[in-house]
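Protein chains: 2
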Amino acid sequence: MIRHIVLFTWTDGATDEQKAAVADELRALIGVIPEIRSFTVGHDAGINQGNHDFAVVADFDTVDDYLVYRDHPRHQEVIAQRIKPILASRAAVQLGL
Amino acid sequence: MIRHIVLFTWTDGATDEQKAAVADELRALIGVIPEIRSFTVGHDAGINQGNHDFAVVADFDTVDDYLVYRDHPRHQEVIAQRIKPILASRAAVQLGL
Chain A
930 MIRHIVLFTW
940 TDGATDEQKA
950 AVADELRALI
960 GVIPEIRSFT
970 VGHDAGINQG
980 NHDFAVVADF
990 DTVDDYLVYR
1000 DHPRHQEVIA
1010 QRIKPILASR
1020 AAVQLGL
Chain B
930 MIRHIVLFTW
940 TDGATDEQKA
950 AVADELRALI
960 GVIPEIRSFT
970 VGHDAGINQG
980 NHDFAVVADF
990 DTVDDYLVYR
1000 DHPRHQEVIA
1010 QRIKPILASR
1020 AAVQLGL
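Taken in order, these protein sequences are the chains called A and B.
Going by the numbering used here, the letters in the first sequence line up with residues 930 to 1026, in that order.
Going by the numbering used here, the letters in the second sequence line up with residues 930 to 1026, in that order.
One or more of the hints may lead you astray.
Repeated chains share a single entry, so a pair holds when one copy, or any two copies, can fit it.
[Claimed, not checked] As a list, the in silico SDA-like pairs of lysine to any residue whose alpha-carbon atoms are at most 25 Å apart: (1) Lys1013 <-> Asn980; (2) Lys948 <-> Gly979; (3) Lys948 <-> Gly1025; (4) Lys948 <-> Val961; (5) Lys1013 <-> Thr940; (6) Lys1013 <-> Asp982; (7) Lys1013 <-> Asp994; (8) Lys948 <-> Leu1026; (9) Lys1013 <-> Thr938; (10) Lys948 <-> Met930; (11) Lys948 <-> Val992; (12) Lys1013 <-> Gln978; (13) Lys1013 <-> Ala949; (14) Lys948 <-> His1004; (15) Lys1013 <-> Gly975; (16) Lys1013 <-> Asp945; (17) Lys948 <-> Leu1016; (18) Lys1013 <-> Asp990; (19) Lys1013 <-> Asp953; (20) Lys1013 <-> Met930; (21) Lys948 <-> Phe968; (22) Lys1013 <-> Asp973; (23) Lys1013 <-> Ser967.
To be clear, the hints were calculated from the coordinates, so they are not data collected in a lab.
Go ahead and model the full structure; you've got the sequences and the hints to work with.
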């Protein structure tokens, strides 16, 4: 099992609609990429100062399945059209479980 | 349910022993803090360039349970004694699930 974790911060000018579109279009990947075993997407809860703004936690059976997700054309479209226009910073880890 | 996610990068001088001690002592919190529902800790798998080095994903039933973990004296000891001496950067999100 491989767990992909990525945290984003958004630019100051990012709108609520733009942030919501990232979450909606990432969640829709579940129906497009059957290799996804578990998928958690969402905005920071606002408990702590200094946090990143948004998180994705996605589980896959194998590294190859993760690579299908990473490189999938629809995923790459969401990155290019929804994430990159409002991206300030990104932190990621893949964990073997 | 609240999911706490944190990613670290380590200083260039951090040793394998120091990195392993972070993982070991964080995992041992499962036996000390019963509010932890699920706890995944580990080093980046090395699939992608530019990643952070280490991840923690911890689930709790409530925000209050997460705060017990966050502020627990033993957790604070691990942060002070094991994490901070080798910490280069940190990114975190708490997600309501």
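Right, here's what the structure says about each hint:
1. Lys1013 <-> Asn980: Close inside one copy (19 Å) and across copies (17 Å); limit 25 Å.
2. Lys948 <-> Gly979: both (18 Å within a copy, 24 Å between copies)
3. Lys948 <-> Gly1025: Result: close only across copies, 16 Å inter versus 29 Å intra.
4. Lys948 <-> Val961: For Lys948 and Val961, the Cα distance is within 25 Å only inside one copy (21 Å; across copies 37 Å).
5. Lys1013 <-> Thr940: Cα proximity of Lys1013 and Thr940: one copy only (10 Å, versus 28 Å across).
6. Lys1013 <-> Asp982: Intra 14 Å, inter 23 Å, cutoff 25 Å: intra and inter.
7. Lys1013 <-> Asp994: For Lys1013 and Asp994, only the intra-copy Cα distance (24 Å) is at most 25 Å; the inter-copy one is 35 Å.
8. Lys948 <-> Leu1026: Answer is between; shortest inter-copy Cα gap is 17 Å, intra-copy 30 Å.
9. Lys1013 <-> Thr938: both (11 Å within a copy, 23 Å between copies)
10. Lys948 <-> Met930: This pair counts as between: shortest inter-copy Cα distance 22 Å, intra-copy 29 Å.
11. Lys948 <-> Val992: Close across copies (23 Å), not inside one copy (28 Å); limit 25 Å.
12. Lys1013 <-> Gln978: Both. Shortest intra-copy (24 Å) and inter-copy (18 Å) distances satisfy the 25 Å Cα cut-off.
13. Lys1013 <-> Ala949: Answer is within; shortest intra-copy Cα gap is 14 Å, inter-copy 34 Å.
14. Lys948 <-> His1004: within (16 Å within a copy, 33 Å between copies)
15. Lys1013 <-> Gly975: both (23 Å within a copy, 23 Å between copies)
16. Lys1013 <-> Asp945: within (15 Å within a copy, 35 Å between copies)
17. Lys948 <-> Leu1016: within (10 Å within a copy, 30 Å between copies)
18. Lys1013 <-> Asp990: neither (28 Å within a copy, 33 Å between copies)
19. Lys1013 <-> Asp953: Close inside one copy (15 Å), not across copies (36 Å); limit 25 Å.
20. Lys1013 <-> Met930: neither (28 Å within a copy, 29 Å between copies)
21. Lys948 <-> Phe968: within (17 Å within a copy, 28 Å between copies)
22. Lys1013 <-> Asp973: both (18 Å within a copy, 23 Å between copies)
23. Lys1013 <-> Ser967: within (24 Å within a copy, 32 Å between copies)
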